[in-house]
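For the protein sequence lines, the chains are A and B, in the order given. Number 1368 marks the last residue of the first sequence (our numbering); no jumps. Number 509 marks the last residue of the second sequence (our numbering); no jumps.
Bear in mind the hints are in silico, worked out from the structure with no lab data behind them. Heads up, the beta-carbon is just placed ideally off N, CA and C, and yes, glycines get one too. Among these hints, one or two may not hold up.
Claimed, not checked - Which residues of chain A face chain B? A few of them, derived with a C-beta cut under 7 Å, are:
id	residue
1	R1270
2	L1277
3	Q1278
4	V1292
5	E1295
6	R1301
7	R1302
8	Y1306
9	F1307
10	R1365
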Amino acid sequence: MLARCSGEPALQPTMTALLQVLLTKVLPEAHNQERRCAEYFEQLQLALEELKASDLAPLEQDLWQLVQGLAADIEARETREVDTKVEDRVLVGMMTVLRVLL
Amino acid sequence: MEGLNTRKQGDRAGKGQDQANSALGDFEDLTAWKRRFIELGGVGHLLDTLVGLQIEAIDSRLTLRCIESLLAALLDFMRVDQALYGEILQKKEPVVLTCMRYLHLIGLYGLQVERARGEAVEGIQAKRTAKRLAKQKMRQLQMASLGNQGRRRGAAENDKDSDGDEDESAEQLNQLVQEFGEVCSIVAQLFSFMDRFVFEQDKGALRILEQYPNLQEMVTVLVL
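Let the hints inform the model, and build the full structure from the sequences given.
Structure follows, in structure tokens:
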């Protein structure tokens, strides 16, 4: 649905509303859902990669705050990956979103 | 609608094809029956039913299956007559908002089922993996402390012990995965229905998404 809105000026408010929900409302919730956040982060990454820079423009301020918040959370997060079999999905997800946004 | 359910009189004890034909009454084939159903406003009725159902909460898989069957029936008729796209577009707002409401309710139902079970599917999967790894480790330690013959005997005994637990856990997980798959399939159908018959035809209809009263909760329960 985000892809359908992409690049359509008339649908910019819809795109902004959807992105706001996905990035600023759902993302903080994902921090508490370690076991089920992988799919969310994967889909978010795919969606963000498909979008044009102009789609994200109205959210510039929010995204800047989000980037700063993600960087701080990544830095402050306790190490959970005690061996190669354990993966901290939240950490991986946050790093992926940060990379896409940057 | 008269005549739709009329069955041919006479011998119905024939082969499968004869039975199928007799179930179609006066119609030559199923497509002809569907066309007549559409002409008589059947699809409009199905669509009104979909958007008009007063479902406040989904509390059983039966309700889910009703929604699934309704969608499947609509999709089936849409294949027969492309002109029906217009009928859906005329009702795009209630169609989209209803599909979103169903998606929201399905998400809430999933959480309700999970609360009743006391554990998420991901939790059961993780526990199962941890249990298996712990057993493997234990087995390796035991093997290391036994001689060659003892190793063979010990391995056989361990396999016997663990099989029962594994089977039960695997069965429970398989059942959950199957149930989860059913729910995911309905979610996918609802998204596909909105996308194919509304958004693909009229991009502007995407604005309706913003009108959904509790978009944030709906997205959260669906994606997490």
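Quick rundown of the hints versus the structure:
no., hint, in the structure
1, R1270, "6 Å, holds"
2, L1277, "6 Å, holds"
3, Q1278, "10 Å, violated"
4, V1292, "5 Å, holds"
5, E1295, "6 Å, holds"
6, R1301, "4 Å, holds"
7, R1302, "5 Å, holds"
8, Y1306, "5 Å, holds"
9, F1307, "10 Å, violated"
10, R1365, "20 Å, violated"
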